[in-house]
Amino acid sequence: MNSLKIDFEGGNTQFLPGEIVRGRASWMLDKAPKSAQISLLWHTSGRGTEDVEVLKTESIQSSSPIGEMPFTFQLPDSPYSFTGQLVALEWNIELVTESPDEVLTEIIVIGPKRAVVRLGDSGDGVS
Amino acid sequence: MYLIGKGFWENYTSRSWDKVRCKILSSTIETNELADNPYDFKVTYSYTYAERSYTGDRYTSTSAAYSDYSKAQRLADRYPVGSEVECLVNPKDPSKAFLVPGNLLIGVVMVFPGIFVLVGFFLLKTVWTSPAPRSVAKSKGLIKTGRSAQRGIGGFLLLVGAGLSYPLLIMPVSRTLEAKNWTSTDCTVIESSVKRHSGDKSSTYSVEVFYSYVVNGKEYKSNRYKFTGGSSSGYESKQKIVDNYPPGSHFTCFVNPTDPTDAVIERGLTWEIALSIIPLLFGGIGLVILNLKPGQNQAIGGRFDAGDAIRATDVDFDVAGTQELRPSASPRGMAIGATIGALLWNGIISVFIYQVWQGWSTGHGDKGLTLFMIPFALVGLLLIFGTVYFWLATANPIPILTISTAYLGKELSINWRFKGRSQVITAFSITLEGRESATYRRGTDSVTVRNTFFKKDVFSGAAGSAMAGGDVKVQIPESSMHSFTSSNNSITWFLTVKGEIPKWPDVNLDFPIMVRPVTKESI
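Chains as they are written, first to last, in my numbering: chain A, 268 to 394; chain B, 274 to 796.
Since the hints were made in silico from the structure, they are not lab data.
Since the model is a prediction, treat every value here as computed from it, not as a measurement.
We put the CB at the ideal spot given by N, CA and C, even for glycine.
Warning: the hint list may mix true and false statements.
Computed spacing ranges between beta-carbons, pair by pair [what the hints assert, rightly or not]:
1) B/K279 <-> A/M268: 49 to 57 Å
2) B/K279 <-> A/V370: 46 to 54 Å
3) A/A382 <-> B/S686: 23 to 31 Å
4) A/A382 <-> B/G594: 25 to 33 Å
Calculated cross-link-like contacts (lysine-lysine; reagent style BS3-like; alpha-carbon spacing at most 30 Å) [what the hints assert, rightly or not]:
5) B/K468 <-> B/K491
6) B/K683 <-> A/K380
7) B/K793 <-> A/K323
8) B/K494 <-> A/K380
9) B/K793 <-> A/K380
10) B/K344 <-> B/K494
11) B/K728 <-> A/K380
12) A/K380 <-> B/K491
Bound-form chain A, shown alone:
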């Protein structure tokens, strides 16, 4: 039974733009992975075709089926996490191993109030 885990420092997954996100990635697999990497990325969802941008990827070298590794990412000033009627943008920290192929995606939030911006909630909003 394969399992992956991502722990954030202080359990914090909500950030201001420009802050640093720190944590630890760990895995318990049937066999040592051929490769593993942890990435900081955002992607859109909703009515439109999905757009993805991977900002940074750190590769993990491990010859053991059980292991862990700390990670540190400097978050950019934008884009914010947001959700609207047609489009939403979500930030993720993603841990991926190859052979065995496993993926774990954790959501983080980046915004000026450490919260997802909801379009239309800003007063005078019209939809």
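Given chain A, work out where chain B should sit, using these hints.
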């Protein structure tokens, strides 16, 4: 696909058959009036292989029947009775021989069923294989696959357009230009008629004039009336042409001085050249699809630091930090676009509307075609009306907006003035709007949906001195989203300017602005 592949293989291997000397025994042209290709080149020849004598009657793997008499004539001239030529004999079956090897272009036909086979294979593969865990980061690879499909479809349409452009555009135009130097020759009509081509629901007709002429003491025959082939509806118009060429009558035709088998009656461009718009459309759509940019992971404006080049809007910066805005679509640009659209659309449908009109004016109206063309004609009229509307709008006064740098949570200063006769405007307003838009694929089409999530009146007023110009401020909400653009999704902010002009197209322009994230000191 098996049958086409078998034919292709036979044509390919015939190229390596043994070459043997053959003697032409007979070389004639047989006419079958009822066939689509009525002029059939028939040849027989004798040859010896492995000390045995054979008689062959195949020119090539397919029949040598043509709609153009001169093509059959050229073959008959190339293989006169008594001449000795080289033929190809199948070493595995010497009774089988050709004068020329089979055409390999048959292989191109395999592309069409081949596409269906490939699509079916990939669909079955996705059903049979279990899905791998989905990595968002690795979905960039799926986007590349999508791009491959986009390139495939766009490339296919471009190929179709290029392929169709040869018979519908390139060939008729080049032959017409070439024929300007052809020799005027006295020709005699052998026979003439209107040929009927039966279709699924209706018939089409073509002019058939078979004529002879003499060049350097030798008699030639041809049936080419014009360079664009094919048939169309409208029996009466064809009959009128045929009536001008009764059997036995003389007229002037035009003969290629370098190849006397090549002749034509009408050497100029005819109305069918308008059909050349079809391959241009296919090719144009193919080019547009090839140049669409789906799934590129460039967050243009998606993340920016102060000083990044702004591509989400089209703005000018001055030294003091104010920007003069440009509208997202200029009135002149819209007018030109509408004109091109109206010309293209009405240009294409005019060919069919002419056919409909011609049918009714000669008492042979086609009700089905008439009803079918009504919605197309209505769209054409709408496009013409739209073109006139947009050209009138180019005479409108032009609003010029200058703004300060826009941040979430900060006040935005706006200055406006008009270029042109602003006194014609009776009511004027400026609105700040935030819109989200999402683009997705529906087949080969790209669909964009939009939603306005924020709208605030900045200024509104009736006719007066304020029309000439003024200043106003508006608070941009802090708890909203800054400008963001990626390949398929965007958040864009606009200043929308509206000006009512009685009995004239109104001023209605969107000025995109770049709204930056909350400043660091405000967080």
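Comparing the hints with the structure gives:
Taking 49 to 57 Å as the suggested C-beta distance range, the pair B/K279 and A/M268 conforms, at roughly 54 Å. Taking 46 to 54 Å as the suggested C-beta distance range, the pair B/K279 and A/V370 conforms, at roughly 48 Å. Separated by about 29 Å at the C-beta atoms, A/A382 and B/S686 satisfy the suggested range of 23 to 31 Å. Restraint check, A/A382 to B/G594: a C-beta distance of roughly 30 Å satisfies the suggested window 25 to 33 Å.
Distance hint between B/K468 and B/K491 is fulfilled; the C-alpha atoms sit about 29 Å from each other, no more than 30 Å. Distance hint between B/K683 and A/K380 is fulfilled; the C-alpha atoms sit about 16 Å from each other, no more than 30 Å. Between the alpha carbons of B/K793 and A/K323 the distance comes to roughly 23 Å, so the proposed pair stays at or under 30 Å and holds. A threshold of 30 Å between alpha carbons decides the hint, and for B/K494 with A/K380 the separation of about 88 Å lies outside it, so the pair is violated.
Our distance criterion of 30 Å between C-alpha atoms is met by B/K793 and A/K380, whose separation comes to about 12 Å. For the hint pairing B/K344 with B/K494, the CA-to-CA distance comes to about 11 Å; that is within 30 Å, so the pair holds. Proximity of B/K728 to A/K380 is assessed by CA-CA distance (about 22 Å); at most 30 Å being required, the pair is judged to hold. Restraint check for A/K380 and B/K491: not satisfied, since their Cα atoms lie roughly 95 Å apart, outside the 30 Å limit.
Of the numbered hints listed earlier, those contradicted by the structure are 8 and 12.
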